[in-house]
Amino acid sequence: EAGVVQSPRYKIIEKKQPVAFWCNPISGHNTLYWYRQNLGQGPELLIRYENEEAVDDSQLPKDRFSAERLKGVDSTLKIQPAELGDSAVYLCASSWDTRSYEQYFGPGTRLTVT
Amino acid sequence: DAKTTQPTSMDCAEGRAANLPCNHSTISGNEYVYWYRQIHSQGPQYIIHGLKNNETNEMASLIITEDRKSSTLILPHATLRDTAVYYCIVRPGDDYKLSFGAGTTVTVRA
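Residue numbers (the working numbering), protein chains in the order written: chain F, 1 to 114; chain Z, 115 to 224.
Hints in this document: simulated from the structure, not taken from any laboratory.
Please read all numbers here as calculations on a predicted model, not as lab measurements.
Mixed in with the good hints there might be a few duds.
Unchecked claim - Below 30 Å or equal to it, Euclidean Cα-Cα: the simulated DSS-like pairs (lysine-lysine) are: (1) F:Lys-62 to F:Lys-16; (2) Z:Lys-211 to F:Lys-78; (3) F:Lys-15 to F:Lys-62; (4) F:Lys-78 to F:Lys-16; (5) Z:Lys-166 to Z:Lys-117; (6) Z:Lys-211 to F:Lys-11; (7) F:Lys-11 to F:Lys-71; (8) F:Lys-11 to F:Lys-62; (9) F:Lys-78 to F:Lys-62; (10) Z:Lys-211 to F:Lys-71; (11) F:Lys-62 to Z:Lys-183; (12) Z:Lys-211 to F:Lys-62; (13) Z:Lys-211 to Z:Lys-166; (14) Z:Lys-211 to Z:Lys-183; (15) Z:Lys-183 to Z:Lys-166.
Chain F with its partners taken away, still in its complex shape (with noise of 0.2 Å):
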């Protein structure tokens, strides 16, 4: 079975510039998650979908995050403009549901904004 895919693996872009992530979640899976990772701290919980619905986007800074989950399957995670601070690891994960004991996470991106 193959596992969250997610592209980019790296990233490298100039502040202001937009950037795009992508992620595949494992088939079957209703429930997507979207985290950052910033250097040495846990991943922290930018947005939760339940099929195509974001049902908890409370920690995502909104004012240049966006999110989108078409037909409940593939997600995208865009920044624009990015800045300096928003370098970090992004990582992708899902489960069969909200309720789920496990939660599958991808490679995740690592973005640096110069």
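For this one, chain F is given, so just place chain Z on it according to the hints.
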């Protein structure tokens, strides 16, 4: 949410058992103890979870004290591939949130 306290780092010898402590003194009755680990350049990986009974799976054992204020994750025969950051997380049974702290950096040495 209850918070957890873990040592910042620890070393262990290859082939020996690794015992990772976690304090969660304010845990509530409906909160589970979860352990995840994150190997370098990978996403976190689920290891095990429990409510109050000890649990064992193919990866590890979880020992929860009777008062549930602390727990220990045991890797029975540590290998070099077990070198990772280990996160102890307390999560309500009816909640999806995983609140990661800084974890314990475990280095397995040959």
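Structure-based check of each hint:
With a C-alpha separation of about 16 Å, the suggested pairing of Lys-62 (chain F) with Lys-16 (chain F) holds against the 30 Å cut-off. For the hint linking Lys-211 (chain Z) to Lys-78 (chain F), the alpha-carbon distance of about 22 Å falls within 30 Å, and the restraint holds. With a C-alpha separation of about 17 Å, the suggested pair Lys-15 (chain F) and Lys-62 (chain F) falls inside the 30 Å cut-off, and the hint holds. With a CA separation close to 13 Å, the supplied pair Lys-78 (chain F) and Lys-16 (chain F) stays within the 30 Å bound.
Distance check on the hinted pair: Lys-166 (chain Z) and Lys-117 (chain Z) sit about 17 Å apart at the alpha-carbon level, within 30 Å; holds. A distance of roughly 28 Å separates the Cα atoms of Lys-211 (chain Z) and Lys-11 (chain F); the hinted pair therefore holds under the 30 Å criterion. Pair hint Lys-11 (chain F) plus Lys-71 (chain F) holds up; C-alpha atoms about 26 Å apart against a cutoff of 30 Å. Straight-line distance between C-alpha atoms of Lys-11 (chain F) and Lys-62 (chain F) comes to about 21 Å, which keeps the hinted pair within the 30 Å bound.
Straight-line distance between C-alpha atoms of Lys-78 (chain F) and Lys-62 (chain F) comes to about 10 Å, which keeps the hinted pair within the 30 Å bound. Between Lys-211 (chain Z) and Lys-71 (chain F) the alpha-carbon distance is near 24 Å, which keeps this suggested pair within the 30 Å criterion. Taken as a hint, the Lys-62 (chain F) and Lys-183 (chain Z) pair is broken in the structure, with Cα atoms around 38 Å apart against an allowance of 30 Å. Only pairs whose Cα atoms come within 30 Å are accepted, and Lys-211 (chain Z) paired with Lys-62 (chain F) is accepted, the gap being roughly 20 Å.
A threshold of 30 Å between alpha carbons decides the hint, and for Lys-211 (chain Z) with Lys-166 (chain Z) the separation of about 20 Å falls inside it, so the pair holds. Restraint check: the Cα-Cα separation between Lys-211 (chain Z) and Lys-183 (chain Z) comes to about 20 Å, which is no more than 30 Å; the hinted pair holds. Between the alpha carbons of Lys-183 (chain Z) and Lys-166 (chain Z) the distance comes to roughly 10 Å, so the proposed pair stays at or under 30 Å and holds.
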